[in-house]
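Listed in order, the protein sequences are those of chains A and B. The first sequence lines up with residues 144 to 871 when you count with my numbering. The second sequence lines up with residues 144 to 871 when you count with my numbering.
For the record, the hints were derived by calculation from the structure and aren't laboratory data. There could be a bad hint or two in this list.
Copies of one chain are not kept apart here, so a pair can be met inside one copy or by any two copies together.
To be verified - Here are the simulated SDA-like cross-link-like pairs (lysine to any residue), alpha carbons at most 20 angstroms apart as the crow flies:
{"hint": "1", "residue 1": "K750", "residue 2": "G411"}
{"hint": "2", "residue 1": "K671", "residue 2": "G491"}
{"hint": "3", "residue 1": "K750", "residue 2": "I776"}
{"hint": "4", "residue 1": "K266", "residue 2": "P510"}
{"hint": "5", "residue 1": "K403", "residue 2": "E636"}
{"hint": "6", "residue 1": "K574", "residue 2": "E797"}
{"hint": "7", "residue 1": "K266", "residue 2": "L515"}
Next come the chains, spelled out residue by residue.
2 protein chains.
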Amino acid sequence: MIKPPRFKGRRRIPPPKVGPTRDLSGLFAPGSVAVIGASSRPGSVGHSVFRNILFNNFQGTVFPVNIKGHSILGVRSYRSILDIPDPVDMAVIIVPAASVPETLEQCAEKGVRYAAIISAGFKEVGGEGIELEERVKAIAKERGISVIGPNCLGVINTDPDISMNASFARGMPLPGNIGFLSQSGALGTAVLDYARGNRIGISKFVSFGNKADVTEVDLLAALGDDPMTDVILMYLEDLSDGRKLIDLGREITGERERSKPILALKTGRTPQGVRAASSHTGALAGQDEVYGAIFEQGGVLRVETIEDLFNYAMAFANQPLPKGDRVAIVTNAGGPGIMATDACVRYGLTVTELSDSTVEALRPQLPAAASLRNPVDLIGDARHDRYAAALDLVLRDEKVDAVIAIATPQEMTEFEETARVITEIAARHGKPVLCSFMGVVDVSPGVKVLDEHNMPHYIYPEAAARALSAMHRYAQWVSRPRVPVRRFYVQREPVDQVIAAARSEGRVFIPECESIKILDAYGFPTLKYRLAKGRDEAVEAARSIGYPVAMKLMSPDVIHKTEAGAVALNLHDDGAVRTTYDAMLSRVKAHKPGANVWGVMVQEMAKPGKEVILGAKRDPQFGPMVMFGLGGIYVEALRDVTVRLAPISEMSAERMIKSIRAYPILTGTRGEQPSDLFAIADCLERLSRLVLDYEEIQELDINPLLVYQQWEGAKVADIRIVLSPPCA
Amino acid sequence: MIKPPRFKGRRRIPPPKVGPTRDLSGLFAPGSVAVIGASSRPGSVGHSVFRNILFNNFQGTVFPVNIKGHSILGVRSYRSILDIPDPVDMAVIIVPAASVPETLEQCAEKGVRYAAIISAGFKEVGGEGIELEERVKAIAKERGISVIGPNCLGVINTDPDISMNASFARGMPLPGNIGFLSQSGALGTAVLDYARGNRIGISKFVSFGNKADVTEVDLLAALGDDPMTDVILMYLEDLSDGRKLIDLGREITGERERSKPILALKTGRTPQGVRAASSHTGALAGQDEVYGAIFEQGGVLRVETIEDLFNYAMAFANQPLPKGDRVAIVTNAGGPGIMATDACVRYGLTVTELSDSTVEALRPQLPAAASLRNPVDLIGDARHDRYAAALDLVLRDEKVDAVIAIATPQEMTEFEETARVITEIAARHGKPVLCSFMGVVDVSPGVKVLDEHNMPHYIYPEAAARALSAMHRYAQWVSRPRVPVRRFYVQREPVDQVIAAARSEGRVFIPECESIKILDAYGFPTLKYRLAKGRDEAVEAARSIGYPVAMKLMSPDVIHKTEAGAVALNLHDDGAVRTTYDAMLSRVKAHKPGANVWGVMVQEMAKPGKEVILGAKRDPQFGPMVMFGLGGIYVEALRDVTVRLAPISEMSAERMIKSIRAYPILTGTRGEQPSDLFAIADCLERLSRLVLDYEEIQELDINPLLVYQQWEGAKVADIRIVLSPPCA
């Protein structure tokens, strides 16, 4: 018997709290591997994969499988995996797509529990390929094989105790503490080449292709548990399970003794024809906003380019997190110091004022022409000793959380020695130091030293500032207060009744007089109202509510009330109510003959307030989500909205409110009173609860919610609820 | 006599139409150079500069000047420039700051007409340095010497007929067609090193430092005329003359037979404490917005990072401009194709649909699994011939304006040969082709070929898409319709009177009843009004204007009318006017006892419309400018405004209106009618004229301008004019 493969770890990690995760250890550290479709023909994928395993110091045993021939690259080969005399932990499959299901069956028979299917020709080509992939899925499930792919590049583990390159990428990456998961194989090859060229170390690399069985979530869990991985990078084109990614992301990024940052690059074209949506929320919370919400809620840092992905990863992998946003800049030239300052400010960092004691301590160390204030300018003739003295003093300053050290090629610049002292001094203080050695040729001896010591460096200071800003955001995420999702007292019965009534009548649209019952039952701040079935009843209702009132005609057949002339505002007396009642009814008869009229809703007039929009929708892929944005005519023009998957905590609600561009309007400009943000957050949380409780609710707009001054609450001024089509 | 130095050109260029420009030919191509402060001590700046001239194949004569010693690096040296027996065209000065004025005097005596002062210790150190710089300025002016610096890196000209490196940068850049102007010397060294490392060719490089004499505008004019320069890059920390930069920029970028793109990177921290401004325009049009306006109006492309600067420059320097925004992507892998598509869409390009004939022609050339639609995916086993066939067909397609060619490292990828065919085929079609060879190590043989053929390439396709987008924007700029600034019929007399009255009373604030006269005289669409001095006069005014009316108390002492209770809207009858008149007067008496009350302005009530804000202010450095933005409470919260230096053309006004984020509100969302954009543009042009005509106007807000549906115009609902302090 072969020992069950397992990670050799530097530290024991508690199992994740997020559901049971799959044991993928055999994919990363198999004792024996069969390469099915191994080939002796140079240039073929079967050749590359086998050669990559054989020639990169694999610590287990590799068996080539090929129907032809006796040996490949000098290694005894087998016609079938079933002919291999020893047990096989993992199979790498490179046979034509049509033969893959049969091959996988043989693997199962052999007792193989892990497989990477590199072959293409499945879902991605459509037609028969889709069917083939379904068969692969079924076999994997039935026979208990964990399958990577198909249509992928393979798996790499640089751990010296394993040293496996089961992929057709050229070359083996340097070992390191950055894990990389890529949905695209081609991007994987490019990224591995980039990492090699820039001496960036990789712990594990997986290209997961069509993810017929093992998904990005499974792999994320594995890298989350992997003691060799400190930073996880993901290249994604879509997501299999948004909710799981959120839960697992939160877990890995912030709930463990050893939390790890996750950086994700998500691409994928916006569909050319966006589906017409019948609500604001539907129209505004597009796919990209939803992905953004998932990353945000899971603590995953979203980046826009591969360059950022690695620029950030280098910083995370090798430097401690900053305790705050206060940056000091040490430079040997003014211009680049200004550039760095601009960039820090642009990316939300503070170029801090140094303590007086630091400035005084710097004075004797630096020439008279130097700048002792931040950015600290050592001026052009600074040798390494001046860098050493300044860096040490600045890092000691308790007003400094992080340092960007800049060196430009000047006549006196000693790049190699300067790199050495920066590395040494940075290691002493437990604060992040990022370098910018500006240039390519002259700076290269220094860059070599920085690389040897895993010191993050960037050609231009802007990139250092961006990376530092990402570290700061992550540090804030890790140290955020944890707030559970609030429970509310709600009444389910009225909601059940309203939905049942609509269902029984085959309606999906819920008129406002019914929608308002739902919101009332969930504790939203609604306006007083009564449904009047006749003119006199309307007057009576208006009197009991108190003038002025609004009137809205209620009919399941009148969806756009304003357009149908079925809304009247600011009615001040009995006469106005009577006239309006009659006018409304006759207008609707003209506008929509035969409409089923339930009556006229007489409603308290809301005080004017700031208009915001709250919404909810059920995403076909990711389920219920809530939206918040600026109301009025601006919501569509500016698309200034934010979404989150339900449920949300009070803290998430707060972050939503603060994340819109128009947030300053709510905090009060020009000496205005701030708005009641708690009231908005409360409504958002109730909305989250409501759409989680009732999966019948397809779309819901509260537009506008009128928000008043702090402590004065908010009022729902209009509601629109649409149910999902009955009995799907 | 030495022949006057001049450019040896490939093509004759007509002189620029923008004023007389300075002849700086002697700075770039002197027949003889004296290095004053040349030194034999390695590591000193005086040594570096002299060595750089001597060892980089200078085609003229160089004379070292040093008070000590007989020769430097084997070249006969002189104690003073006056001792040099031959004429000297240019002096490079590296003596201590205090000796510079005297040295410059000697240069003048010697008949030197050009000098680069490399020495530091002037304006940038403050105190005596400022005085020294003033003396340098004076000498330069009096003695007719064109001076670069002080506090700069020097001048480089790579033209083989000149080959001068009069700087202390390490190494000589490769010759090329990119000119670089840098305000920062240190950034200059970094940039030159970066260019050398990336094999980017430079035509001329100037670090201009403190620009005591020669400014960035003079140098821009010189590079605009330089036949060796096709693209101009500028690194700026401030501007000497915004208006001149606009005029010269327009000239160079679009008004010549051989137009050249100008790319600028502007840094400089926002001042920590922004000056309190009394108007919206003052508060919103900050320094950075003003620089943005200058670049925009001058056709200068503003970039945010040095990386973009060179990424764009490589494309501009070596590829033709695209005729439109339609991009085709050719790739050997799907993922990077998606990345490129995303990036194109993000940067405003169209990933076009290929013609049916192109798709049909591609079919027999590509394997079945390839994608014939854009992005054209040649799939992983594509060799160079497949690239050649696809690229040629796609470039022939008249629906394609530009191509991004992507190659990822796959088993079959032939980078070298692929680079060769891309280069050859791209040259045939007159359309821009940008490459992304993704990676560092594996791709390097291909990258070498691309470099040899000056084919722009980028590690990741996003950068290619960004560069292409910059080219497209520039192409649009070049081909934009040229519209002159409109002349209006205006009456100056009423304006003169209002301003004279204010001046005579020592007021800078113009109450609305006077401001409105100014706008009337300049043809703005104002509301009907009358100033009433008593209760009955107010009623009479209201009747003649027609109900409903607004009333506003007029007093030069009441600047914030609303806060003082001095505004009433929507008054429907005589009674309301009477009551309001009395109430207003008593409120003002309570609020501001002793206020000088002129009366009450009775004004037509404006129909509701979309609210925008128009403004003007006089920038202390750059003069009069106009602002446009979204009105209402959003203007401050969203800062959604745009500015331009006056005068503006109709076209500039249109671009202003279209450039705000809230523009969709004006074009009509949700089936609304579009607003009257012409009316807004007309007001902006009139405003531009007004602030040019009256330099007394310091700040002006029209807030809001109410805009109605197309053809229905706009109305000025409120105005605020503040004059500059009298007799500065």
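Outcome of the hint check:
Proximity of K750 and G411 under a CA criterion of 20 angstroms is satisfied in neither setting, with 45 angstroms inside one chain copy and 46 angstroms between copies. Taking identical chains as interchangeable, the C-alpha atoms of K671 and G491 are never at most 20 angstroms apart, the minima being 45 angstroms within one chain and 48 angstroms between chains. In this homomeric assembly, K750 and I776 come within 20 angstroms of each other (Cα to Cα) both inside a single copy, at 19 angstroms, and across copies, at 18 angstroms. In this assembly of identical chains, the alpha carbons of K266 and P510 lie at most 20 angstroms apart only when taken from different copies (18 angstroms versus 67 angstroms within one copy).
Taking identical chains as interchangeable, the C-alpha atoms of K403 and E636 are never at most 20 angstroms apart, the minima being 45 angstroms within one chain and 72 angstroms between chains. In this assembly of identical chains, K574 and E797 lie within 20 angstroms of each other by CA distance neither inside one copy nor across copies; the values are 30 angstroms within and 50 angstroms between. In this homomeric assembly, K266 and L515 come within 20 angstroms of each other (Cα to Cα) only across copies, at 18 angstroms, whereas the closest approach inside a single copy is 62 angstroms.
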